[in-house]
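*Asks:* For the record, the sequence lines run as chains A and B.
Counted from 1, the first sequence has number 14 at position 14 by this note's numbering; the numbering is strictly sequential.
Counted from 1, the second sequence has number 113 at position 113 by this note's numbering; the numbering is strictly sequential.
Because the hints were derived from the structure by calculation, they are not lab data.
Check before you lean on any hint, since a few could be wrong.
[As the list claims (entries may be wrong)] Some chain B residues close to chain A (C-beta under 10 Å, calculated; not the full set):
no.: 1; residue: 7
no.: 2; residue: 10
no.: 3; residue: 14
no.: 4; residue: 18
no.: 5; residue: 74
no.: 6; residue: 79
no.: 7; residue: 85
no.: 8; residue: 185
no.: 9; residue: 186
no.: 10; residue: 188
no.: 11; residue: 191
no.: 12; residue: 225
For every residue, glycine included, the Cβ atom is placed at its ideal position computed from N, Cα and C.
Given next are the chains, with one letter for each unit.
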Amino acid sequence: MIEIKNLTKRYGNKMAVDNVSFTVNKGEILGFLGPNGAGKSTTMNILTGYLSATEGQAIIDGFDILENPTEAKKKIGYLPEQPPLYVDMTVDEYLDFMYDLKRVKVGASKKTHISEICSLVKISHVRKRLIRNLSKGYKQRVGIAQALLGNPEVLILDEPTVGLDPKQIIEIRTLIKSLSESHTVILSSHILPEIQAVCDRVIVINQGKLVADDTESNLSNKLSDDIRYTIRIDGPEKDVLSMLRSIPAMTEVQALGMREPGVYEYNIEAEKGFDIRREVFKRAAGRNWPIMGLKSSELTLEDIFLQLTEGRMDDTVLVAPVNVEEPETEPVEKADSEEKDGGDEE
Amino acid sequence: MSAILRREFATYFRAPLGYIYLAIFYFFGGQFFSSVLYSMTNDISIIFSSMFSIMLFTIPLLTMRLMSEDKRLKTDQALLTAPVSLNGIVWGKFLAAFALFGIGIAITVIYFLILSAMASPQWNIFFGNLLGIILLGAALISIGMFISSLTESQMIAAIGGFAAMFFIFLIDSIASLIPISWLGDAIKQLSFTTRYNDFTSGILDFTHILFFLSVVVIFNFLTVRILERKRWS
């Protein structure tokens, strides 16, 4: 549905987007994750035809956004970072204008279509009000309503829940989820739980470069070479530490301090493929130290994000093998063979 | 394009700007018309020739907001990501300003009818004048809109617009000050005043029509380029 090939955007000497390629399949919700200034909005602006790429291609449903902008733009509903609202218009006037501007063609009449969308994003009761006088949350909803006009096949939402209260955020997330049945959605955010809650697939970009492209669970599996547990043992801290360190497969032991009277907590990490739990239990039982708690600490999206963006995984590109369809956009091979080249080429 | 035209036109009347423009225009129009009446003539071209300087001060009011406001509010993102061409955006806005301008000069039709009731109507002079002011207005609007596309601020667009209009007003004097005769002559060719005065004195010169139309096309084209440039920068 959406195909991005070697997209590059340069502002003078600054690389805003650096050779990014990915595809989004029909009906998928793609999360676009990255710290501020990573190039999320730039990529979205290129996708929607607001900016032109320095190099590379963006293809929406077979139409190149540069060569066939009118057709490509008809497929897209776009909510930019700052919703493009004419604040001197009422909500009704504005949606009416956007309907005409987008040359919407839907089965229903203009009036019913706009009413449907208004009730979908719950702005029906403010339709007669000036946009200027609406709260930020409502302005954001009007922005979303505008993107939904004409039921475009592709929805590109740049931080759609900014400025909403927690209840509204949940509503909008549910709305986006429900929209994915008939739309392809790209959603950018720097709020990790949001991506976690809504998206099928996550793309992480940092300093203009694609650093990961996979499902959330695959990402956390790939990144955690070691299996980590947090364990609580009732016993003298020193002795427990030396006991834990004496286990051969153990790679790291870290004392976290006393949590209950006499009970200390530790972080332990073992080699991959080695289940440390049995060994720990046996040894603790032998010394008569009760294990008060044991839980695996899997990487959350937050950890993944920090690892990927803080340079720990500098040269690694994590890409799911699922979206390899054509040889030229084969990101997996690229990731493996050109890891080092990527940085030098530019 | 028509959606943009309708929105921009309606916007003039959402804020007082459109009313202020028309009030100023009608005030001076009435002033000039009364002088026609006092001098007991049926020569309506006095109104048109006096209108020239009034237009230089009022056209920037029409155009200052056109492009700059979209940049400031980031609503250009809605326009540029909609299935509309850049030409459609620019000409839509141009025509909106032109339509309001048209409502302004339409008052001269009433003046003409009043004069016709009292003396024999000079149809060809009136239509020559009307054509002249329409062309002049279109040219000034496209220049003002171009200046508006260069900035995010309405105020700067207005001041820039006034400066450009002032320059147009002075082209003749500048040309006469230049000692190199061919250069002076070349600059004189750009004079809006001379060309417009030909219309008001009853001369219908095809090159004048072509000149004003070219100005419109060139400056609207430049405005499109400015929008285009923003995408590539």
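*Asks:* Give a verdict on every hint.
*Replies:* Checked hints:
| no. | hint | in the structure |
| --- | --- | --- |
| 1 | 7 | 5 Å, holds |
| 2 | 10 | 8 Å, holds |
| 3 | 14 | 5 Å, holds |
| 4 | 18 | 12 Å, violated |
| 5 | 74 | 5 Å, holds |
| 6 | 79 | 7 Å, holds |
| 7 | 85 | 7 Å, holds |
| 8 | 185 | 42 Å, violated |
| 9 | 186 | 37 Å, violated |
| 10 | 188 | 41 Å, violated |
| 11 | 191 | 39 Å, violated |
| 12 | 225 | 14 Å, violated |
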